[in-house]
Amino acid sequence: MSIYDQVEIEDMLFDTDLQIYTYPCPCGDKFQISLLDLLDGSDVAVCPSCSLMIQVIFEPEDLESAATESVLQPVAVSA
Amino acid sequence: LFSFGSNAQCQLSHSSAEDVDVPTRVEVRLPSPVSVDDVSVSSNGNHTLLLISGEVYATGDNTFGQCLASASARRVSMFRKIDPCFTATSFRASVVAAGWDFSVVIASSSTQDEIYVAGHGPRGQLGIGETTTAATPQLIRNFPPRGRRVRQACAGMGHTLVLLDDGNVYGWGQSRKGQLGPTNTSCAACWAPTRVFFPDGFVPVKVVCGREFSAGIDGAGRIVVLHSGTDRHGVLDVPSQETVAEWTDFQCGWTTLHVLLSSGRMVSWGNNSHCQHVPKTAPPLLRISCGSEHTVALARDGKIYAWGWGEHGNCGPREDDQVNVGHASPVFDGVGAKADEIVYLGAGCATSWI
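Chains A and B are the protein sequences, given in the same order.
According to full-length UniProt numbering, the first sequence is numbered sequentially starting from 1.
According to full-length UniProt numbering, the second sequence is numbered sequentially starting from 1.
Calculated directly from the structure, the hints in this document are not laboratory data.
It cannot be assumed that every hint is accurate.
[What the hints assert, rightly or not] Covered stretches of chain B, as calculated for chain A (at least 3 residues, CB under 8 Å): (1) 3 to 13; (2) 147 to 155.
[What the hints assert, rightly or not] One-sided and incomplete, this derived list gives chain A residues near chain B with beta-carbon spacing under 7 Å: (3) Leu13; (4) Pro24; (5) Pro26; (6) Cys27; (7) Gly28; (8) Cys50.
These figures come from a predicted structure and were not determined experimentally.
Glycine included, every Cβ here is placed at the ideal spot set by N, Cα and C.
Model the full structure from these sequences, guided by the hints.
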């Protein structure tokens, strides 16, 4: 299957627990690729629920911060 | 109400959690809308919001509270009326807009509008400051500006737009690709309502949210697309004002835009990798609804057609291994309903609604 689109890594979310980058897929699931795969030189994120794939656009420097990315801590707000 | 397509999280309001490729009646008994203007469906990500006569229902993934249901329910398996959350009983819901895993509900009284948000906002999608989750609905404070009313609002994958009665547009959420206008592209995210600037003199009457763009159309058919980037899909190739002057609707998917004309013809531009553009064989159309990468349409012949990326059955039963539907595929024999009984079409992330 051909690449559905290219996505810049800045627009993806990094799951620190699973060590994967994710991005919404038009089917409702999420494209995903692991940090290890990116470090290995892979750049195609696949969707577990459909045939679509995206190419991740990144520089090696972008990956260095993954482990220490200062993602804003989720703040649960309830009434 | 009938739905088909992606359903892994019961976003179709079918408790089976299995995809469906033919329009299937939802299991919930719903009140009849008083008029065509009384109902709307907003489906995105893995959840769906339904607005009927001022009441809001939600179904699907509730991991982040995007279904405005009790935090203990990770999934709502069929449409459930949301718990009351407006500040006063004089408010009734007037707009529902579903983002990827966030929701926007606008409540209106005779004199003002209030905007509530719930769900997941890692890039400002909640618009309530630097807060990334809202498990229960939160009111956006100090917006709209005093005295201003909401004319129209919509949400895309990662941002929300609000068009006010003075013609100004505000938005929040993802902004790197120009979704919130050229003044916000250097922000990784906009965490509160910010002015979305269109060119001087351009006053939109409707705005739409793409994935990496926003767009507006004015009464004369002039279209402005806000996008900063490489424009891989050609979303900036807008049709001339003369071509779409007689427009009746303006919608977009994640990477494609469409204008429906009073003649029943449709003009599409942007991504066509999966047959998202209106097929050349499409009959004159009355109404359209655009999902992420497909379209559902009601034609003047009373039939409903779908085309585009249909891998999950959202354009009808798959033909062989084809995931794209490049022709106007009739998807609904109406189960006895006639064209004038079809009051609404909706479409989300590979979901379709009648």
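Against the structure, the hints come out as follows:
1. Counting residues of the segment 3 to 13 of chain B whose beta-carbon sits less than 8 Å from any beta-carbon of chain A gives 4, enough to reach three: the coverage restraint holds.
2. With a cut-off of 8 Å between beta carbons, the segment 147 to 155 of chain B has 0 residues touching chain A; three or more are needed, and the interface restraint is violated.
3. Taken as an interface hint, Leu13 of chain A checks out: its beta carbon lies about 6 Å from the nearest beta carbon of chain B, inside 7 Å.
4. With its C-beta approaching chain B no nearer than about 5 Å, Pro24 of chain A sits inside the 7 Å limit, and its interface hint holds.
5. Interface hint at Pro26 of chain A: satisfied, since its Cβ lies 4 Å from the closest Cβ of chain B, which is below the 7 Å cut-off.
6. Hint status for Cys27 of chain A: holds, given a least beta-carbon distance of 5 Å to chain B, under 7 Å.
7. At its closest, the beta carbon of Gly28 of chain A sits 4 Å from a beta carbon of chain B; the interface hint therefore holds under the 7 Å criterion.
8. Interface hint status for Cys50 of chain A: upheld, as the beta-carbon distance to the closest one in chain B is roughly 5 Å, under 7 Å.
Comparing the model with each earlier hint shows a violation of hint 2 alone; every other hint is respected.
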